[in-house]
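Taken in order, these protein sequences are the chains called X, B and L.
-14 is the number of the first residue of the first sequence in this note's numbering; add one for each residue after it.
107 is the number of the first residue of the second sequence in this note's numbering; add one for each residue after it.
4 is the number of the first residue of the third sequence in this note's numbering; add one for each residue after it.
I should point out that these hints are in silico values taken from the structure, not numbers from a laboratory.
Idealized CB from N, CA, C, for every residue including glycine.
Heads up, a few of these hints could be off.
Said to hold, decoys possible - Facing chain B, a subset of chain X residues (Cβ under 7 Å, in silico):
no., residue
1, S(-12)
2, Q(-11)
3, Q(-8)
4, T(-7)
5, V(-4)
6, I(-2)
7, V0
8, L4
9, Y6
10, V7
11, G8
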Amino acid sequence: MDSQMMQTLVVGIIVLFALAYVGRRAWRTVAAARGPKGGDGGGCGSDCGCGH
Amino acid sequence: MDVAEAGAPAATHAPSPAHVRGGGVLHVALVGNPNTGKSTLFNALTGMRQRVGNYSGVTVERVEGRYRDAEGRSVAVLDLPGTYSLSASSPDEEIALGVLVGRAEGVDTPDVVVVVVDAQNLERNLFLASQVLELGIPAVIALNQVDAALAAGIRVDPVELTLELGAPVVATVATKGEGLDLLKQAVNRAAALPPASRQFELPAEAAAALAPVEACLVRGGFKPQAAGMEALRLLAVTTIGAHLSHVQGLAEVVERARAEVEAAGLTPRSLEAEARYGWIADVVERVSTRTHTGKKSFTERVDAVALHRVWGPLVFVLLMTLVFQSIFTWAEPMIGWVETLFSALGGAVGGVLPEGDLRSLVVDGVIAGVGSVLVFLPQITILFLFIGILEDTGYMARAAFIMDRFMRSVGLHGRSFIPLLSGYACAVPGVMSTRTIENPKDRLATIMVLPLMSCSARIPVYTLLIGAFIPSITVAGILNLRGITLLAMYLLGTLTALGMAAVFKKTLLKGRARPLIMELPPYRLPSVRSLALSVSHRASMFLRKAGTVILSLSIVLWALATYPKTRPAPGATPAVAQEQQLANSVLGRMGHAIEPAVRPLGYDWKIGVGIVASLAAREVFVSTMGTIYGVGSADETSGDLRAKLQRERDPRTGALAYTPLVAVGLMVFYVYAMMCMSTVAVVVRETGGGRTGVKWAAFQFAYMLALAYGAAFIVYRGGLLLGFG
Amino acid sequence: MARPLSALEPGERGKVTAIGGDDDAVRRLMDLGLIRGTTLELVRRAPLGDPLEVRLRGFMLTLRRSEAEHITVE
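For reference, chain X alone in the conformation it holds in the complex:
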């Protein structure tokens, strides 16, 4: 496997992780919307990001 292929492979894995993360985030927002009282009321808990 030459360096180019290696790179593409690594990139592919990273992109997949990124997609998975974004997907999970989106899912959590949607799922929180379905749960009783919106999960913990905002999917906020201790991870609020963005300064609040």
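Since chain X is already given, all that's left is putting chains B and L on it; use the hints.
This is chains B and L only, laid out in the frame that chain X set:
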């Protein structure tokens, strides 16, 4: 200065420590009026070990922290929202009451409650204190800001006050950290002491009338003492709160009690306030002395100017200009450093990694993407610093006071002004700062229109388009057409924001105007440590978000623009090859797909791609245009990009693709469109999170997109009709 | 000489004899100590005429003209 802890039983050993549950952690709740230095006290106790979240189902901020006491045990402190009483007429008060009576979801009932009382404002503060003390929870009173009180000529005797209230009183100066150790000790010993109880008597008829109400509450699970407090409170209340919905037959019993009280010649509505304040007046007489210093206080002297008919607004405008200016000008060099840092980083990495996808991902995807967001950091930090200073010194209340009349003419509240102003810098901290607006409808209306205030992210877009397509002509001798255009964009956004606010308040968010009854606190020097702590807290949260969501989004966007790969046609120049690559990528195809939708506005697929990509952040439009036109790394001032945009021709007709009209239309589009994922995310959270939050954010996105499309359409088509072509 | 609070001039004092108006507003005012018999002083009006700043029980309170109209003082 008297820093005495009185009331503890004489003992050679410390009495048994406060009763602890679950895991040996002592749970302490902090309550108090706003502006008592409660947050400063909280920060002084817990330092960096704090956490900010939300209470279940409401957008009330939940602030918790920890400290270790002298014996090494962990103490969890919950900083309840500042409230004037437990009458539960606002979400903040409901939460405070709910937590204290042990009926808040997901919150441990506190073992000890610390009531923070401002020594300068003893009378009013004792109202809440007297209510809390009747709940039967072990309590400690933190008599805070004694230094400021002394300076104003007010001397309060903590020992006397302890005897009057029946609960230990510790004098503290939170900003200087004085009295904290004694406070912690008092907290530890609190549970060993007999709980406080009501120290005054109600008129006999009232007491008799309330007995059935108390009995009803006790049956519903209330402790006898708390039942007493609640019963008295309920006399004046019109709607039974949610935390009491489980008590059977409460409404009828309360009605009967009210009738009985009226029959006895008393007023149910004012019974509690008059009874409490009557007692408080006597207590304050006995425990404090006031020496009039004769000269006006510092606050009065400053307010004579700050709230003056003429000078007041001037001072206000000056201050606002300063804040606004600083966000742009002072942040500039810092933004420059961040950008330089990131391009250097990009260059370094680019030099190290061999040619290939990984290099492109890291340099063009990660570093460029995350860098464009981190660029926000200086502005956000500065904005929060200023807001913190304005709030902590007490000026914020004056700003609301001055602007209230004007805000109400568009249906908003005086407290909407500062968040809206922040929107000029960035909608994200602006939306977050709407938490100071109590009325949920006013707050929602403010959030819904906030992104219309032209935020700084739009500046690169404006600058690029104005620079490329608006000629630099002088108008009326001193004004430049370019400057006018920029100003026009800002005005357009601002006026629309105010107009939409008025529309919302008249339709969707119609509601009774909530009273503007608030305190104008005395001016104070903010605690530097406390300020630094909260600002750095927010900054780090922001960084964390950038490191996760934005990073992933950047990677995904990069992938969409890079794959599928196209083999460059033989003999094609790098620029053309780039173009082909982009056209065939997923992003490019998306651009072509939406082209029919943007054609009526005068845009081609390239601009379409730019618009879609700018969902990540508005500035991404500029860098995307740069990529599309094969100009390595472009920024809004790069002459290359401008020149290319000017020369671009429509492949079919051969005419110039972009004209000044198109440019103006595009700018108008950007004035209105909500092209910013970060804003969407924060709106989702601040409007309630979960399904509600998503609904509101979606609505906002949709109406703003409709506005954008409509306005751009009118500008472009109208312009064509008028011959601007 | 009973008058609404909103009719006071800056610097004038008065003793509250009656509080009317919106339930929410009334309860809030009473929680803050504005009850029958309280002495207060109108400090100033905002630059645009509304709201008003009032001193009572040692602190400064703001309220709108519409709320002050329902408070009677003498």
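Results of checking the hints against the structure:
Of the supplied interface hints, the one on S(-12) (chain X) holds, with its beta-carbon coming within about 5 Å of a beta-carbon of chain B, less than 7 Å. The interface hint given for Q(-11) (chain X) holds, since its Cβ lies 5 Å from the closest Cβ of chain B, which is under the 7 Å cut-off. Interface hint at Q(-8) (chain X): satisfied, since its Cβ lies 4 Å from the closest Cβ of chain B, which is below the 7 Å cut-off. Proximity of T(-7) (chain X) to chain B holds as hinted, the smallest CB-CB distance being about 5 Å (cut-off 7 Å).
About 4 Å separates the beta-carbon of V(-4) (chain X) from the nearest beta-carbon of chain B, less than 7 Å, and the hint is met. Because the beta carbon of I(-2) (chain X) sits about 10 Å from the nearest beta carbon in chain B, more than 7 Å, this interface hint is broken. The interface hint given for V0 (chain X) is met, as the beta carbon of that residue sits about 5 Å from the closest beta carbon of chain B, less than 7 Å. About 6 Å separates the beta-carbon of L4 (chain X) from the nearest beta-carbon of chain B, less than 7 Å, and the hint is met.
The restraint placing Y6 (chain X) at the interface with chain B holds, with a minimum CB-CB distance near 4 Å, inside the 7 Å limit. Nearest Cβ of chain B to the Cβ of V7 (chain X): about 5 Å, under the 7 Å cut. The hint holds. With a cut of 7 Å, the hint placing G8 (chain X) at the interface with chain B is violated, because the nearest CB-to-CB distance is about 9 Å.
Comparing the model with each numbered hint stated earlier shows that hints 6 and 11 do not hold.
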